[in-house]
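Model the full assembly from the supplied sequences, consistent with the hints where possible.
Residues per chain, in single letters:
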Amino acid sequence: MQVTLRVQRFNPEHDTDPHFESYTIDADAMDRILDCLHQVKWYRDSSLALRRSCAHGICGSDAMVINGVNALACKVLVKDVKQPITVEPIRGLPLTKDLVVDMDPFFSGYLAVKPWLIADDAEPEPERERIQSAAERERFDDTTKCILCAACTTSCPIFWSDQEYVGPAAIVGAHRFIFDSRDAGGRERIEILSGKNGAFKCRTAFNCTAACPRGIEVTKAIQEVKQAALFGSF
Amino acid sequence: MAPMATIEQVYRKRKPKAFAAQRRPSSFEVWSWFFMRISGLLLVWLVLIHLYIMHLIGSGVERVDFAFVSQRWNSVGWKTFDWLMLVLALLHGANGVRVVIEDYVRSPRANTVVKATLYTLTGVLMVMGTAVIVTFPPGT
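Those sequence lines, one after another, are chains A and B.
For the working numbering, count along the first sequence from 1 and bump the result up by 1319.
For the working numbering, count along the second sequence from 1 and bump the result up by 938.
Because the hints were derived from the structure by calculation, they are not lab data.
It cannot be assumed that every hint is accurate.
Quick partial rundown of chain A residues pointing at chain B, CB under 7 angstroms, derived from the structure [unchecked claim]:
| no. | residue |
| --- | --- |
| 1 | S1480 |
| 2 | D1481 |
| 3 | S1513 |
| 4 | F1519 |
| 5 | A1548 |
| 6 | L1549 |
For lysine to any residue, the following SDA-like pairs were computed, each having C-alpha atoms within a straight-line distance of at most 20 angstroms [to be verified]:
| no. | chain 1 | residue 1 | chain 2 | residue 2 |
| --- | --- | --- | --- | --- |
| 7 | A | K1515 | B | D1041 |
| 8 | A | K1433 | B | A943 |
| 9 | A | K1515 | B | L1056 |
| 10 | A | K1515 | B | N1049 |
| 11 | A | K1515 | B | Y1042 |
| 12 | A | K1539 | B | R975 |
| 13 | A | K1433 | B | S964 |
| 14 | B | K1053 | A | E1483 |
| 15 | A | K1515 | B | R1036 |
| 16 | A | K1539 | B | F972 |
| 17 | A | K1515 | B | R1044 |
| 18 | A | K1515 | B | W971 |
| 19 | A | K1515 | B | R975 |
| 20 | A | K1515 | B | S1045 |
| 21 | A | K1515 | B | F973 |
| 22 | A | K1515 | B | I1039 |
| 23 | A | K1515 | B | W969 |
| 24 | A | K1515 | B | V1043 |
| 25 | A | K1433 | B | S965 |
| 26 | A | K1515 | B | A1054 |
| 27 | A | K1433 | A | D1461 |
| 28 | A | K1515 | B | A1048 |
| 29 | A | K1515 | B | H1030 |
| 30 | A | K1515 | B | F966 |
| 31 | A | K1515 | B | R1047 |
| 32 | A | K1515 | B | V1051 |
| 33 | A | K1416 | A | T1405 |
| 34 | A | K1515 | B | K1053 |
| 35 | A | K1515 | B | V1052 |
| 36 | A | K1515 | B | A1032 |
| 37 | A | K1515 | B | V968 |
Ideal placement from N, C-alpha and C gives every residue a C-beta, glycine not left out.
If you want it as structure tokens, here you go:
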């Protein structure tokens, strides 16, 4: 079948503003949007810039706005979207080229919540693994699914207006450790997220939950972090 | 050879603002968020009762005159009711506007000026409203 793509193009060396270009290509209904973009890049215009690595929904590189909705290009099928298929870069981050954005504000928000295990200094280093029950592991299972694709953070209207906000992905990353029984850095992370740019900037628009390609209940996780900050329950 | 910088060190250097929260831990946002929930819940009932008394019973707002107000404010209970509504509505509204300012007024200077205006206005309205309720002579 014939598929028409409208792709946002921007070359910082020549263009002052981004513009759209249309490409009509041959594709199968079961092809993914990423396959269509490959068709364009490999056979029509090799100057098209986009990010992708694994192409199977795990690396989180190819988040983009497809027909106005944040999604991974490798997980959306041609048959599931209306034509012409509009492809834009994710919003709220500085545009680098075509579909590529500068992810720095996203990752600095993520790193600000210290998304790594903070061990309890008072306890001796265990000789083998840190033991945890199945129920304790279940507590933060949902937020371990994050692949850092930025689909949630760049769908958030608060992040669009203020990139100093750590964003939903960072709070998901914090949630994953705050509710981990092996981690001792909960208070530290809650303090960071209680600040001006933390979890309380969230206005529960639910865009993040709708955008997450991993099905994480992002807004719920954020609300749980708020509760933990208020009641000290973590 | 110098030891390699960690990712955190690199980002701290390039994006110091993202780490700003760590320097001054404060639970102000936590409590302001909680206040919005509690005051919102209370205001729903206060405003519904206020609307019912002032606009629905009898001939509604038509009958509200000085005599009506002075009779109502003879009771400490209604004075407290109206003052609570004044304080909660003002603080709830002002805090909402503060949050909007934090989102959209990005220049630090303008942010300070706009917020100062908001706080002044809120303070003046609060003092005026409180003065009217507290100094209203009983039995007039």
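Going through the hints against the structure:
1. S1480: holds, 5 angstroms
2. D1481: At 6 angstroms from the nearest chain B Cβ, D1481(A) passes the 7 angstroms test, so the hint holds.
3. S1513: holds, 5 angstroms
4. F1519: holds, 4 angstroms
5. A1548: holds, 5 angstroms
6. L1549: Holds: closest Cβ of chain B sits about 6 angstroms from L1549(A), inside 7 angstroms.
7. K1515(A) x D1041(B): Distance of about 10 angstroms is within 20 angstroms: holds.
8. K1433(A) x A943(B): Answer holds: K1433(A) to A943(B) is near 16 angstroms, not above 20 angstroms.
9. K1515(A) x L1056(B): With a Cα-Cα distance of about 18 angstroms, the restraint between K1515(A) and L1056(B) holds, given a limit of 20 angstroms.
10. K1515(A) x N1049(B): Holds, at about 14 angstroms.
11. K1515(A) x Y1042(B): holds, 14 angstroms
12. K1539(A) x R975(B): The given pair, whose Cα atoms are some 17 angstroms apart, holds under the 20 angstroms limit.
13. K1433(A) x S964(B): holds, 18 angstroms
14. K1053(B) x E1483(A): The given pair, whose Cα atoms are some 19 angstroms apart, holds under the 20 angstroms limit.
15. K1515(A) x R1036(B): holds, 12 angstroms
16. K1539(A) x F972(B): holds, 17 angstroms
17. K1515(A) x R1044(B): holds, 13 angstroms
18. K1515(A) x W971(B): Holds - the C-alpha atoms of W971(B) and K1515(A) are around 12 angstroms apart, at most 20 angstroms.
19. K1515(A) x R975(B): Holds, at about 18 angstroms.
20. K1515(A) x S1045(B): Measuring from Cα to Cα gives roughly 15 angstroms; hence the hint holds.
21. K1515(A) x F973(B): This hinted pair holds, its Cα atoms lying about 16 angstroms apart.
22. K1515(A) x I1039(B): Holds, at roughly 12 angstroms.
23. K1515(A) x W969(B): holds, 12 angstroms
24. K1515(A) x V1043(B): Holds - the C-alpha atoms of V1043(B) and K1515(A) are around 14 angstroms apart, at most 20 angstroms.
25. K1433(A) x S965(B): holds, 19 angstroms
26. K1515(A) x A1054(B): The hint holds at about 17 angstroms.
27. K1433(A) x D1461(A): Within the cut-off at roughly 18 angstroms; holds.
28. K1515(A) x A1048(B): holds, 17 angstroms
29. K1515(A) x H1030(B): Holds, because 18 angstroms separates the two Cα atoms, which is no more than 20 angstroms.
30. K1515(A) x F966(B): Holds: K1515(A) and F966(B) sit about 9 angstroms apart, inside 20 angstroms.
31. K1515(A) x R1047(B): Holds - the C-alpha atoms of R1047(B) and K1515(A) are around 17 angstroms apart, at most 20 angstroms.
32. K1515(A) x V1051(B): Measuring from Cα to Cα gives roughly 18 angstroms; hence the hint holds.
33. K1416(A) x T1405(A): holds, 17 angstroms
34. K1515(A) x K1053(B): holds, 15 angstroms
35. K1515(A) x V1052(B): holds, 17 angstroms
36. K1515(A) x A1032(B): It holds: about 17 angstroms lies between the C-alpha atoms, which stays within 20 angstroms.
37. K1515(A) x V968(B): Measuring from Cα to Cα gives roughly 10 angstroms; hence the hint holds.
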